[in-house]
Structures are given as structure tokens and as C-alpha cells.
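Peer 1: Residue numbers (this note's numbering), protein chains in the order written: chain A, 1033 to 1563; chain B, 1033 to 1563.
These are computed hints drawn from the structure, not numbers from a lab.
There are no misleading hints in this set.
Calculated lysine-lysine pairs in the BS3-like style (CA-CA distance at most 27 Å, straight line):
#	chain 1	residue 1	chain 2	residue 2
1	B	Lys1438	B	Lys1501
2	B	Lys1438	A	Lys1254
3	B	Lys1425	A	Lys1254
Protein chains: 2
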Amino acid sequence: MKPTNPLVDPLLTDFYEYSMAYAWWLNGTHEEPAVVDVHFRRNPFDGGFTVFAGVEEVLRLVCDYHFTDDQIAVVRRFMPEDAQSGFFDWLKTVDCSRVRIRSLREGSLAFPRVPLFIVEGPIAVVQLLEAPILALINYPSVVATSAARIRLAAGWDKTLMEFGLRRAPGPDGGISASRYSYIGGFNSTSNVKAAQLFPGLRPSGTHAHSWVQSYLGLGEVKRRDITGPDGRIHDLVELSLQYREELGGNHTNEGELASFIAYARAYPRGFLALVDTYDTLKSGVPNFLSVALALNHVGYRPVGIRIDSGDLAFLSRRARQLFREVSEQFEVDFGKLTIVASNDIDEQTLLALGQQGHEIDSFGIGTRLVTAGGEALGGVYKLTVASGVPRIKVSGDSAKITLPGKKRAFRLYAGESPLAVVDLLTLADEAAPEPGQRVLCRHPFDETKRLIVIPSRVEELYEVIWDGKPNLEIVRPLNETRQYVLDQLAGFRQDHLRPVNPTPYKVSVSAMLYDFLHSLMASEVPIAEIS
Amino acid sequence: MKPTNPLVDPLLTDFYEYSMAYAWWLNGTHEEPAVVDVHFRRNPFDGGFTVFAGVEEVLRLVCDYHFTDDQIAVVRRFMPEDAQSGFFDWLKTVDCSRVRIRSLREGSLAFPRVPLFIVEGPIAVVQLLEAPILALINYPSVVATSAARIRLAAGWDKTLMEFGLRRAPGPDGGISASRYSYIGGFNSTSNVKAAQLFPGLRPSGTHAHSWVQSYLGLGEVKRRDITGPDGRIHDLVELSLQYREELGGNHTNEGELASFIAYARAYPRGFLALVDTYDTLKSGVPNFLSVALALNHVGYRPVGIRIDSGDLAFLSRRARQLFREVSEQFEVDFGKLTIVASNDIDEQTLLALGQQGHEIDSFGIGTRLVTAGGEALGGVYKLTVASGVPRIKVSGDSAKITLPGKKRAFRLYAGESPLAVVDLLTLADEAAPEPGQRVLCRHPFDETKRLIVIPSRVEELYEVIWDGKPNLEIVRPLNETRQYVLDQLAGFRQDHLRPVNPTPYKVSVSAMLYDFLHSLMASEVPIAEIS
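Next comes chain A alone, as it looks inside the complex (with noise of 0.2 Å):
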């Protein structure tokens, strides 16, 4: 397995690790061992949850990870001159053989303060995968994270399009974020490629304002005939006239018209047309209707419009009202045509797209989801263990000390139809949390803090992905990965979850790992003197 983008190999770290690794070989401490938890400390989106992205990408990296000559010789380059040359045989010789990574599954809803990852191997090899492990996660994972808010506000029933490829960042930013936007809840994407590298990753979409402004008169449809499901040929110009004078539309757009006609004699069955390039409800939707009833006396069934600009809540509840108008009047069956808006479409227009009320089926969101407005995950990267020792990192900022050691994590249901309650960290020697037992959940830091949880159900959160070979059994198809991610999006608090405000979700540490903090705390932290 090699990872998806060619331009992920060694090289793409950042030069510290080098620096540092260089430094641990010269004194000889490169292959002490090191245990490293891979955590956040914030949300995005000022939100209740993460959609945890990447794992598989990760897993891609370690697997083909060694060094070339070439690639040798990059380091060597931008290393001191008189660096050893030792350094690079070894170097030469470095795989993750020795490297055993455990990692929330990819799709976990995450919180902060509970490790995604914990990778423990020889401290020098585990340090070079610092940088690219964390750039692996944060864009799937912000990505990820941003589409199902979007799935939560935009509601069940509706059709998620990802259209955001041409303002993502660079090409791969716009694969990942159709890959990722659809574990997140999206139902399509309008990249191409990405459904080329991902099975089960459809690709759709119509047609741009340049199709329509393409077209000045019906002169321009060189081709009018159209061969009906039954084999009858019709002239779909003569007949589209025909409804438009019926509709008394005959001061639409003739050029746009056109367009239609020609569009819908390619896609007889797919025919969906952008309505807002001259004037959405005098001219678009009277177009649109034209051709759609026309197609319709041929025997084929219309898809329905998207609309682009405006008042996307007026326009579509108008147009939804017309084609009611017009099925009565013409005696077919228009009323669920699908519409489609785009525009800048986020949470937030959703959410107030939602209160307005409105009839779009569809929506097409780009910029804002593949931007991620500007999020990071905010991954950290910090030694909980080296030379066997356990290590804690302190800060006056609570949010930034480590909790020390080799940990395992549980999440805790309650209830008869279990809703997840808690995230517990424990030491990893210490007997696992067991449902129908009374567990003590204290809060990291607050000694007041403390939860007594009868859990109904246990799920361990790590899965073992790397032990010096693949866990094949973590690479999952996409949509099973989507599927995951929507039943937990079920299986929480929805207070957990909402846009707003939301109430944060208990991460807490067992009895045993809180002393053993604690002492370690008391230990490293120097006791400050005022004279």
C-alpha cells in the first residue's frame, strides 16, 4: 500500500525531525523507546465533536515508508557539512518495522484531550513521522467535521453535493475534501478524479452559465430531433416552442432556451438546467418548464433546476409553486422536481435557509466546506513515554499538559438504548471498564469532579493499525467509513452535537491514571517562591 498522493514519502517532514534525529544518533540515543500520543486540545468550529480523518493515509505512509539513495542525499544536502556519515547509513536502514501504531477508528466522532493516535517505536523513527502523520489528519479531519455539521443543519432527507474543487486548496485539498466530505455525510462530489480513486464515490453535475451564454438563438441547435423511449422521433424545438407559448412565456431568453433544448436532447433522462443566468423566475424556470413538458410529451421524465443566486428560499419555494401550477394545468406529475441551490451555501445559510423555509432538495457547497473557514485541527504530537520513562509535559495552561504514560481509551454508553456518556482514559496495565460495573470517572484536573458510570455497554476506542505489518482489516470502503460516521452522529447527545453552544462531552481519566498524574504532577512541577 502506498499513500494516495506520489509526493508523500520521508521527505515530506518537517527538517526538525531530521535535525533531532541526527542529534539523538550522535548521542547514541536514537533507538531508545518512545511512546507518542497524537491529541487535540480544540474542536473546530467552536463544536462538541470532531469526525476523526486520515487513518488510512497514515497507515499508506508507514507502509511504504523507507529512504531511496536519493532521498538520502536531500538530507545530507541541507545537513551540516561535517555531519557524520554514519547518521545516513542508518538512516538507510530505517523502516517502522518497529513502530506499533493504535488509533481511534478512521470516522470515531473524537474529543479533546483523547490520543487519536499512540505510535511507539525507537524514539528517532517515531519523531520523523511527527509532521506528516499530522498533516495527514488535519484537513480530512477538519474536512470531515465541517460535512457532517453541514449534514446536521442541511437535515437527513436533503442531497449533499460537494462542488468545491476549483477554490480548494490545490489539487489534492480538492480530492481529499470530496473523499472526506462524503464520510462526513455528503452524497456526491463534483471531482472527477476523486471518483476515479475512491470506489463508491460518485460524480455529478449539469452545466455552468457558460453553457447557456454559449447559446444566442435556437439557430445555434444545429440538432432538434429527439427519438422517444417508444423509438418516435419529435422536433424538440418545435415542441418546446409549443409549451412555451401555452405557459405564455414567450418573452424568456431564446438563447437560454436553446441551451435547454440542446441540453436536454443530450440527457433526455437527466435533464437538470441552471435557471439563474438571465432572470431565474421570468425567464429560467419558463425555460425549463418549456423543455420539461416537452420531454415529457416524448416520453422522458425531467429532472428539475438549480438555482445559483438570489433568494434562494424565495426562488425555490416560487418555482416550487409553479411546477405545481403546471402540473395541474398540463396534467402531469412536476410537483417533486428537484431543486437544486448553490452559492456559497454553509452551515450557517442552512441553518437560517431552515428557518425561512424553504423547497431546495439539493445543495451544492463548495468554498466554504473545502476552505473549512480557515480551521485547523490543531493535532499535537507529545512524548508520553521515552527510555521506558513515563513524561509529562507541564503548563500553566491545563489544556496543554500531557497526561503521562501509556494509556488505553473506553467510551461508555448508558441507557437501555445506549447513548454514549464518557470518554475514559486509563493506564494501559490497569483492568479495563466492564459493563454492569460501577466505574469512577474523574476529571483530568478538577478534583471535584468526579462520575460514577454503570455502563451498559464498553467499546474500546483503539484499533491496533500497525505492528511492523498492516492491519488490512481497518481499510474499509468508503461508504461503511460514512455509514460509521452517521450512526454515531445518531448515537450521541444531540446536545453534544449542535451548532451552537453545544454542551461539551465528558473526557475523564480513571482513579488510577488521575494519581498517577497527579503525583507526577507534583513532582515536575517546581513549587514557585515569592521573597
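With chain A fixed as given, assemble chain B onto it according to the hints.
Peer 2: Relative to the frame of chain A, chain B by itself:
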């Protein structure tokens, strides 16, 4: 020439480009000649300018543009089952041999409404290029613009290091961030892969907190000897302890001291220490100074410190003061040692630090640069000529009206040491403005806004980058493009470039283009009726 990212191929586009191409093909109008303008409507960051980038990658895309059988099979898979196979035969013949592209130079300061590219060719081929062209310039331009703004905020004498890989939107987002922040005025990157790919780009970086945390005490310094430039061998631990004693700093963290000693031993000529793991002023700086004095004793010059948390203005001033005090006490020249700052630095932080006064020489900038604050360029791809007839896209919002027809663009400079005063768009077939001649410049939509310029210099803005074959002259070394950006930043009035409320730079049209635009608008925009 191939695209830097191997994922860039003809499938990296929006599906609707194929939908339209097929429908044009079916109508027999797919090879009608078309002209498209690529432009944007507002500068990112509410700013006064955009640094345009990504041109070389567009050229690489176009150079290599052709369909393999596998790619055609993918397109066919997503098209309706009854799509005619002649279309796929045509796709097999598609390349850019009949396409011509003019472009602003890579690194140009660019402004809303001035086309970045003018693309001419068979309409269906030109349309297929829409999404990839927009995708290839979006992130590069936003990053280069952000970098230039940061350069202006930091001042010309500061070193700017891009540290964004781990927070970048994916692997090639990280690589692009390195490349385009450099051309926007940064000095280096942390990203080794980017430094491999782009000659001239140097990676920088020293060590992380994990380096410091991996040492608990001096016992972990396994090799204590250091050889001076004069060949004499010293014990670096003993020397450092001696200087720590003299500095009165016995209470500093011993693990940190050990880590600094091991690091200095590896990089005697490049000793730069991260000093905020425990306590910047009580532990980090004294430990640094102990080892720096030891190194100095041996005959090496230490480099400096990095501060990654806390009040950067205060800490840098205090550190500078300590450097000066030590310089006096020990008769060494430590006053100008480098102080590097990192930790969520952005343009606003730099402006605030500038006001507070600080002693920072060098900034490591990551998240805010690579996420670009969620900004996108908003490039659009608009048909201006089809089948030889100029097209206009009218809109109630004049910012969205496309200037019709095939055009040229000029930058007019005035004054003895010429400053840019206006960008002038003209029709392709009118006479170019000339230095020393009166040039009437009109606002495209406001008839009252007219300006006479007698330019001291006239610069034609477009260069042909592709005309069935590449213009290799436009592929310039990175540092040349960087210098071009910096020269322009000095060649515009500073009020156009200021961070907040910049004076808009003028973009005008010639009298002929004005008349042409308004005659087309009069004929295309229907008169509204009230009845």
C-alpha cells in the same frame, strides 16, 4: 513538462465540464472558437491587492493534457449508458494544440476585474480546463498574498520561516504553502519535500519540545566530548555546568540543560535552542546561555533561541537584555544573538508586536499562513467570445458583469520614479497606450469617473504562456519570481497595500471598450416593465 502533483490529469475537473462537452459534441458545436477570461471580484483578506501565482502549474497542466484509454473509460463509466461512443473517440483526440493562453506573469500584483488568464480555443476543450485552472491558481495566489501581507507587516529586515506543514490542507497544500510563501516574501520553509522539489528553497528548523523532554538529566548525555575548531577536545557537560554556576542558574531544569548540551554537540555551528519547555526566563534562557558560553569557550559561535509560547514581546525583550548583560559580564558578543518566535503568529500579531516593541529577529509562521484564514481567491472563468461573437454576462450587481470581447491589459506608471497608477483594459484590436501620450481611462460602469493619465511608462500585462506549445521563458527560478513580487511591493503606493482599509487601486477601461461594453449592455439587458 508535467504537473508537480501526479494527481493532476484531465480527470481532475468537475463532472459538469464533461456533461457540457458531451452536449456540445452532440450538437456539433464543440469546436466553435471561444475566448474565456479568468478573473476575480475581490482581493482576499479584504485587502488592496492579490499576488497572482500558479501560472507555471497551469502551463504544466496544458503541456501534458491528453486522455489515456483508462481515463476515457472512467469518463464513460460516469456518463449516461446511452451516451454516443463518438464522443469518447473525440476525447481521445483532445489536447491543447489549438488552445492559446495569455497570462499575467507569475507573482504579479493583480486586481479585481483584470483578467489573470485569457484562454482561447475550441469551446469544449476550453471548458474542460475551467476547474483545473481555477484549482491550480486559487491556493497559490491566496498563500502568496498572505505571505506578502505578512512580509509587509513584519518589515523588510526580519527573517520569515514557513512552518505550516502539519496544519496545511494536505500534503501538496503543505508543499504549495512552502513554494508560494517563498515567492510572497518568506525566507525559508520547514518542509524538506518542498525544498527537494523547488531549487532555491532552503529548509530550516532545529528541535521540538519532545527533544527537551526526552532528557531527564545529565546522565542521558552519553557523549560529552566536543572538538573545537582548533582541534582541542573539551568536556561540554563540565564546561556548561561551570558557566551555569557562574550565571547563578543552579535551579534550571537539568533535563533541559542536558538536551541543550546534546544538541550543541551535534550542531556546534548551529546551536539554536527552544527555551520555553519549562520556564523561558528562569530555566530556558539561563540553560541556553550556559551552553552558549561553553560553546563560545570551545571556539564556536552560538546562534540563538526560539520562544514558542507566552508574551513574545516581553520575553524577547527580557531575553535580549540577558544576552546583553552576559555579553558584558563575560566579555562576549552575544548581544545580537538570534531570537526566533513562533506560536500562532499571523499578520495581526506582527502588527501588534510592532506596536509593543519586541526584539524578535525571525518568525516561524504556520497555521494562519497555510489555512489562509479560510480565504479563497474566488476566481471565475467567464465566456467573453463564442463562435466569434462577444458575450456578456449581465447581472444586477455590476461587479459580476463580465467585460465582453477579446482584450489586452496595460499597467500605466506615472512620476519620475514611476509608481503604478492604473491598470487599463482595452479591446484587443485598438492601439496600445504610449508613454508621454494622454490616455483616457474610464471606470467601466460609472460614467462620471474619468481620468487622463500621461504615463511615464507603459507595461503590457500579458505574456503568451502557451500557443500550441509552451513558452518556456515564463518558467522562471523561484527566487526571480520572489524578487519580482518584492519589487512590485515597493513600486505601488503604500496606501494601496496597507493592511486595513487600503485605497482601491484603479482598474479602468479604454474609451473604446467602455462604448462597446455599454452598447452590448443596452442591447442585452431588457428594460424592466412595471404594469
